[in-house]
Structure formats: C-alpha cells, structure tokens
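Residues per chain are reported as follows:
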Amino acid sequence: MTNKSLPYWLIAPAALFTVALFLYPLSLVTLEAFTAKSGGYSLENFQTMVGHWKFGTALKNTLMLTALVVPLQMVVALSLAQLLTRVKSGRDTLLYVWTIPLGISDLAAGIIWLGIFEQTGFLNSALIGLGVVDAPVSILGFNDTFATLVAIVLAEIWRSTAIVLVILVSGIGLIPKEYAEAAEVFGAGAWAKFTKVTLPLLRPSLQTALILRSILALEVFAVVAALSGTKFPVLMGETYNWQFALQDGPVAAAFALVILTLSVGVTLVYLRWLRVPRGAGL
Amino acid sequence: MANIAIQNVTKSFGSYDALKGIGLAVADQEFLVLLGASGCGKSTLLRIIAGLETADIGEVHVGGERIDQLQAKDRRLAMVFQNYAVFPHLTVFENIAFGLRMQKRPQEIVSAKVNQVARMVHLEALLDRYSGQLSGGQRQQVAVGRALMTQPKVLMLDEPTAGVSPIVMDELFDRIIEVARTGISILMVEQNARQALEIADRGYVLVQGANRFTDTGAALLADPDVRKSFLGG
Amino acid sequence: MSTPLITIDVAQRRLRRLLLVGAAIATVWVLLPIYFLVVNAWSSQEAVNAFPKAFVPEMNHESLSFLLGFDGVLTSLVNSLIVAAITMVFSIGLGAPAGYALARYEFRGKGTFRLLILLTRAFPLPLLALPLTVLYIRLGVDDTLVGLALVHTMLALPFAVLITFSLFSGVPTELEEAAWVFGCTKVQAFRRVVLPIALPGLAASAIFAFVISWNEVFASSVLMIQNRTLTAFLLQNLDVSPMHMKFAGGALLVLPAATFMFLIRKHLFAMWGISNR
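Chains as they are written, first to last, in our numbering: chain A, 1 to 282; chain B, 1 to 233; chain C, 1 to 277.
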C-alpha cells in the first residue's frame, strides 16, 4: 500500500457502501416505479397511484404541512438563536435543554403529543379545569381535519426545531461581532441589525437548514400515524401502506419517486434562491 | 466648545482596570491621536465614546451635549473600525449608503450623496463591487466613505493601519490627512506612534489606563520619555 | 416632534425582561410535553384513561410492566439494541477512515466523494428501504437484524463521515509527524497520538449513530416482520394498543435516547461547530 493509494483505501469502504446502499437502491426504486406488473416499462403504477382517492389528499396534506411547519420553525429557531446571543450566563444550559428533542424519535414525539391532544388528554383536562369549556373538545377525531392539522403542526415544530436551532446557532457563531457593532454605530436598532446584517450573513446556514428540514418535512410519517392513524393521509404514510398493507411494491415505489422528486426540486430551489454572490461571503 | 469632551471615564472588566479616570477633549478641526501600548485601554475608550461599551464612571459630551446615556444607534457618530467592518454582503454603494438608509432618507438624496462621497474617497468606479473583490486599502476607503456620509463633526478611527504593509500605510495616512483638511475633527487611535504624531495636531499617551502625556504632536515627538517608551529611542 | 430617545439603562432593562420571558416560555414548551409523557407512563391504566387527567404521576409501574410483559416487546427491545449497536460499529468503522482521509489527504476524486456524501442529504433515505425488501429476500437476509442495520448505517454514514472529518481536522498534523520522526509507523502514530485525542469525539458520534438507529421508524417497519425493533412494534400496534401501553412504549423509546444525547451533549455541540463563546 503506497502513500499515494492510502486515501483511496480509506474511503473505499464508505464509498462502496454508499454506492451499494444508496445509489443502487435509488436506481432500483426508480426502475420499479416505471415497471409494469406484466413486465416492460409503463406508467401504470403512477396511474394507479394518482387514481387512488387518497393520493390527492395525501399530496395536499404533505405540502400543506411542509409549507406551514418549515417557515414557522425557521422563525422560532431564529428567535431562539438571537435570544441566545444576548444571554450571558446559562447559555449552554438553555441550549442543552432546547436540543433535547433531537434525541426523541418522531414516533415517540407523536405519542407524546397524543397524550396532550387526545380526547381525555392533558389539553382537554386543562381546558375543563380552567373552566374554558364544559365538555372535552374533539381534536383528533374524524371530522376535525383542521384541528388535527394544527395538532400535527405543533407536534412537528416541537420535535424538529432543535436541528434548525443547532445549525443557526453555529452559523451565528461564525459572524464576527464587528458587523453588528458597525451597524449600531451607523444607526441600526435591534430589528434593523437583525434584518440588514445578521440575516443576510446567515444565508448559508439558512440554506442548509431549509433544505434539511424541507426534505424531512416531506417525509413526515410517524408523528402523523401516532396522532391521526389513517385519518390524515400523507405521502410517506401512503407509501408505507401500499408497501406493507396492500403488498404492492411498484405503486409504493411510485409514491417514493414522487417524494424523491419533490425533495430534489425543493433542494434545487433553495440552492438557487439562497446562493451567495461571488465576493459577498463572510 | 469642544467636539468631544470626556471627563473622568473609568472602566473595569472584572478585576482588570482598563481605564482610570481619563479626560480628554477634541477641539473644532483638531486632529488628535491617542497612543499607548497594546492593552492600555485606547480602543476601549473609543468604544465607550461610540456607545459599544459603557463606562463605570464618567461622562461623554459630543458637541456640547451629554451622550453617555444614549444607545450607540442614537449617538450620530462616525467611526472607522479596526479591520474596517465593511459589510461583506452589501455592495460598496450600499455600504457607504448604510448610515443614510438607517435614517430612512429618500433614494435620490442617498444616491446623490453616495456619489459625492465616492468621488471624495476615489471609489466611483467600484460602487457595485463586493468587499471580497476589493483590496485592503479600498476597503478602508469604503469604511471612511461610510463614516463621512453622515457629515460628522468628528471622525473616529480605531487603529486604521493595523496589519497593513508600510507602503499601504503611507497611502492610508495620506487619505486621512485629506479628510482632516476638509475641516472635520479627527480622533485616531494608533499603534504607529511616530507617523501618527507627525501628522497629528495633538496627542494623548495612555499608559496602563491613565493619561500620561499630553502635548502637541511635535512636542511629544521630541520628548525623551515618549521617545524611549514608544518611538524606540 | 420627535419621540424622546430611550436610554441605555431602559433599553437594557427591557431586553432583560424579554430574554427572561422568552427563555422561560421556550423551556416550558420543550419540557412540559416530556413531563406529560412521564406522567402517563408512570400511572396506572385507570389513571391514563381517567378524565380529567391528574397532572402528577402516580409513580405506578403498572403500565410499564404491562408493556414489558406483553408478548414480543422484550424481544423487540433487544432487537433495537442489537441493530443500533451494529449500526454504531458499522458507521464508525466505515465513516472514520473516510473522515480521516478527507482531513489529511488531497487526492483526485476527493471532490466527487464529498459530493456523493452531500448528495445523500438531498434524498429521503428511509425510502430506499423499499427496493431493499425484494433484494434482501433474494439475498436471504430479509427480516434480519444485520439487514436493517445496513440501512441504518446508510442513514448514519454521512454524519459519521462529516463529523469525523471535522474531528480529525482539529488534530494538528504536526503531532503525527512528530511521532513518525520518533520512529512510529503510520498505524502506531495514529493509535498513540491521534486516537486518544479523537476518542471522545468518536465515542460521541458513535452514540449519535446509535440514537439514529434506535429512533428510526420507517425502514424498521418496512423491512422487519418477525424480528421487529421496538419502533416497528409500536408503530404496527398503534391502532390496536391501549393508551397506557402506547405511553409506556413512548417512554421506553425516549428515555434511553434522551439520556445518551444528554451525556454526549458537549461533544455534539463541538461536532456541530457551536463554540463556547
């Protein structure tokens, strides 16, 4: 093993593994989606998928969830990250506490919020106890689509904002203090400092966080399953259904391809929208 | 009436006394230089005047008004930071325009003034560039232009030649003299004592947080104590 | 008439109030739901189904014992542990050498490799379990713990590579070079000089990989039938399990993972580039 070839030997296992367990299944699932049950290539799986009554709802729900959760949690994470820059003592403790949800599975998070939102749950107990309502409010029932949506949004924000917070706190740490100081001297108040200096210089971190979270949001699965069962269809849930319950791999593959395409599309949009012009980086 | 007047400014960081009862005044059209070894507190003093730090004791007056209770954004001062702090995400134009933008002035006025100042600092051709595309000297000019936009009575400079090669240093000092000739008072913190004293009207020398020497530039240059401590004999 | 300017003191007081309120709300927001889970998991079945709920746990182990005694749960727990352990070993075993190579060497194809790793972030990786179900059957590894661990390793590998890359970048090359000068081979130098320094960070990223595998739901549920992990078990029983069992299951999922993450928190933040100001 020569000196020149050493790095190749070192990355070979990881590279081969990635080819075998990422690129290969990726091509497999793409092929499977376009393969007709009788053999040969066709769009019949996609037609089955689109023709099913749940597809439209699942697509709409998934996109709606993504469009609600991601912007909201960006705002929350930005506020918390900004808050942390002004805290003198206890900053680390706060950061530890606020990132606890990172270690919590999305299934567990769904169960946690189930305990809050279910008919006899903590929310209703509190509402009754405070005298706000006379009888328990139905949130996760069959006809409570809007309330269920809100419940899922809250649970998802609770569970997944920590990773955005970590990315943003790390990004803010890279911005030299002198820019905010210069802005202050030239008349910028707190809001102006945030919008005209901090936010623009956070572009790379914002881009990373948005891409990561949007892809994960399109994959939303266990939180919805725990909170609403099959009452609130989402793309990933339907994928699971077709694969496991209906034993129809090809249609599940079609669903997977829809999710994959949306993910790539969204990534490309963010890469373009939030790119930093040449010479304008930190 | 002095443009800047400081009385009895004292500042400690924990158990470290950075400034002990400092007083100084910058008169109209005066070029004042603040000297001293690293860590003697000169940058801290500038930051206190600008509002980026608060003194434990003492008063700061600008143009006859007491300002030490005001937030930095309300003090209407002009400063060129060490390492210039030119905003990397804004063009030269927007950097220079920053102060007036914060004051919400209309676009035509902003444009006119930016072009005027850009000519003064020789940057007319570079208005749409980003700071990553500029040389160190050009970035200093952006910082100076940005400071001049607010038509200040006093311009503060924090070690403008830090980390700069000797050739560029001469250019920088020339540009600062140009600004001084327009009638603006200058308060400059500098490490390069000799050159600073050669171009300044007066100098203060701080030693471990206290006023040690105060005199005209020429007198300080000639003073044997000053020469021994700061000018290499 | 312009409004009077706010002094520094007033501004600082307002800021401090805002910070306190904001930090308090955020902290309660994070901790309260977890507390509710604990209340539910440590209460009897009647208490869980009672209404209005008590806001204090009964400290009753009934639900937890019921869950652990339920057919299949203990096995699924062990399965989760095994899969997570294998994932941990694989992801560090594959990722650390790659991270080291990226940190120490320049070579053709370095950019391509980095791109490949980054590419995996643009795709929902659990979906790749779908085609693997068929492939695994053909290879005879369907429904095996190792098979699932391979998928989980793919999930954890990009993190492992990136984290070990920054870890090894932080160890000065001069240290290794000094060891070579003193007669150590490359391997010895690595073992004696780099490894001790990098070990805490490596352990932390190993634990991170463990937690990723422990928490994963989709692939586990798709790939396993007999040898289910805890997550798959709980997911597939969602419509039929009683409430108190769900909550006990949730607690079982949360507590080990949250504890691990808490133990390695310092390293996690170092890994993610959060400096102590």
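I should point out that these hints are in silico values taken from the structure, not numbers from a laboratory. Take the hints with a grain of salt, since some may be wrong.
Unchecked claim - Quick partial rundown of chain B residues pointing at chain A, CB under 8 angstroms, derived from the structure:
1. G21
2. A25
3. L70
4. N83
5. A85
6. F213
7. G217
By construction, the Cβ of each residue, glycine as well, lies at the ideal position given by its N, Cα and C atoms.
Hints, verified against the model:
1. G21: violated, 25 angstroms
2. A25: violated, 21 angstroms
3. L70: violated, 12 angstroms
4. N83: holds, 7 angstroms
5. A85: holds, 4 angstroms
6. F213: This interface hint is violated because 29 angstroms lies over the 8 angstroms limit.
7. G217: It is violated, given that the least Cβ distance between B:G217 and chain A is near 27 angstroms, above 8 angstroms.
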